[in-house]
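Participant: One-letter residues, chain by chain:
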Amino acid sequence: MDAEQAAGVQKSSRRRGISRKFRRTAWFYFFISPWLLGFVFLWIFPLVVGFLTSLTDYDGLNLANLNFVGLRNYARVFTGEDRDALFAFGQTLKWMALNLPAWMILSFILALILNQDVRGRGFFRTAYYIPSVIPIVALIWVWRIILDRNVGLLNALLNVFRPGTAINWLTTYALPGLTIIAIWTGLGWGMVVFLAGLQGIPDELIEAARIDGASSLQIFRHITIPLMTPVIFFVLVNGLVSGFQQYVIPQLLNAGGNIAAAPPRQVYLILSHVNRQVFAFQRFGYGTALLWLLFFVIVAITFVLFRSSNYWVYSEAEAG
Amino acid sequence: MLRKTRFSPRKTMRLIFSYGILILVTLIICVPAIWLVITSLKTDAEYNDWPIRFLPAVAQWSNYVEVFAPRHHILKYARNTLFLALVNPILTIITSSMGGFAFSRFTDVPGRNKLFSIVIALLILPGMVTIIPQFIVFSRLHLTNTYWPWVLWGLAGSAYYIFMFRQFFLSFPKELEDAAEVDGCNPLRIYWQIFLPNAKPVLATAFIFGFNGVWGDWFTPVIYLSSKNTTLAVKIASAYVNPQGHTLVTVTLAASVCYALPLIIMFFIGQKYILKAVVTSGLKG
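Going down the list, the sequences are from chains A and B. Last residue of the first sequence: 320 in our numbering, with the numbers rising by one and none dropped. Last residue of the second sequence: 285 in our numbering, with the numbers rising by one and none dropped.
Same shape as in the complex, but just chain A (with noise of 0.2 angstroms):
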């Protein structure tokens, strides 16, 4: 741009009184203004109202004669008031610890597998994820066949090795038998985005590092694993912050469908317990309170995962 023609530019902005940065920036807040909208008038307003309503008694109708309580429904969680919350956060957590490393482990083992020289990848790849797109009720109605006390097909296929074999599955063995369906409807995912990640690793480092005589085992160790670290965080987080907000699952599955039902005590987990604070005894400020510690619960599990990433998570930046 010669000096003329800027000289020009600048005229005619200055003659319309406006800056083209002005003009710019208006656009971009026109284009964002429904979500910017939608921001504050469906997540920080009903979380404003949420937290204003964990401070009172409220029960869906008593409005005109609602009591501030401060913060007694927060405190009825940490006296061991309600033992349940605990227990339920306790189940929830043993949860995650049964479903997240084995579900993460089989998944990174298929993508690994599926990484080699295999006919058919794409084939697999998307056999693997159709669990994923099966909507949740008609997967419950599924895992209900298979896994029925009676004539359930898993009983059926572990009479062949041990006749008589009748597991409740839906109800003493309810946790198991929510991470058996957990990992069969998560598999495809977990299994893309790893299979992804794979093969984002630049062939020529494991050329290098085979000539210079790096074992199979050497290169997972010292290449495929540091260089997956980025992928293996993102899935973990993913994981963690979806385990707590497990709740469909065993609602459906075990409590019939109904959400004012608690499901068997092996996989009444924590948002089962505030839900029927919610829908089953109207304890919406006690609900609400319960929704705020589990929400600080999991702002801070992710925090200090993202800290920590700086320790193991490998980083382009950092090595080149």
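The set of hints was computed from the structure by calculation and includes no laboratory data. Glycine residues also receive a C-beta, built at the ideal position from the N, C-alpha and C atoms. Each hint should be verified, as a subset may be incorrect.
[Stated by the list, open to error] Partial list, computed: chain A residues near chain B (C-beta under 7 angstroms):
(1) Trp27
(2) Trp35
(3) Pro46
(4) Leu47
(5) Ile113
(6) Thr126
(7) Ile134
(8) Pro135
Assemble chain B onto chain A, guided by the hints.
Facilitator: For chain B alone, coordinates are given in the frame of chain A:
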């Protein structure tokens, strides 16, 4: 380049082992789905038989006719579901693509970086925590038992799709929009006539994700809607019953097959884009 011998026994062993695992997992994935279809063709008596029969004596296709029998009102629920599963994603796609366009093209604007970090935070923050507070607000506004919440959620867009559209729009050359700007196109026209028509893969993926999300959602219709205006998920979750009030298990299974089928077909049509989107939204963060 180092070439290994083609038929080393170790490599052959490894391949056999790999295919073994792959086929085993394929079976584990497929058997439950196939079992659903087989059982949906049994009579309830056959379903309750022990030891179990693997195949029905006669395939009960009448179960599938019963699914659509007028007294179960399934078409009414299907219509409700279809309405929500179309309106919500279409609105979401429009508003989210606008957001993605803004975040990818107006990078020098004040406040942009802060807002974008909110988008990123929303990708990770647990959505389940807002459901009850939102429910409190919507019920005070008397919007429960209506479809308005789905419309408002749609209008608000979603951080996930904003991020997806932004990633896609980032690959568009800057010259494209510069040329259009010189020709006197304002950003709205650039967005509508250049960016959106060239984003068909993302549009299709976002639509399929959104459609699946609403179609499969069970919890939201349970808390917001009543039996009059609820969706297929709620209807099928609560099982079919005969006029005497007995549960019709295999008919419900047939209904589940019909209910899942549209999503599976859509997945097969769009799988290339869907799997790609799963990856990009995951990895390029």
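Participant: Tell me, in ascending order, the numbers of any earlier hints that this structure violates.
Facilitator: When the structure is compared with the hints, none of them turns out to be violated.
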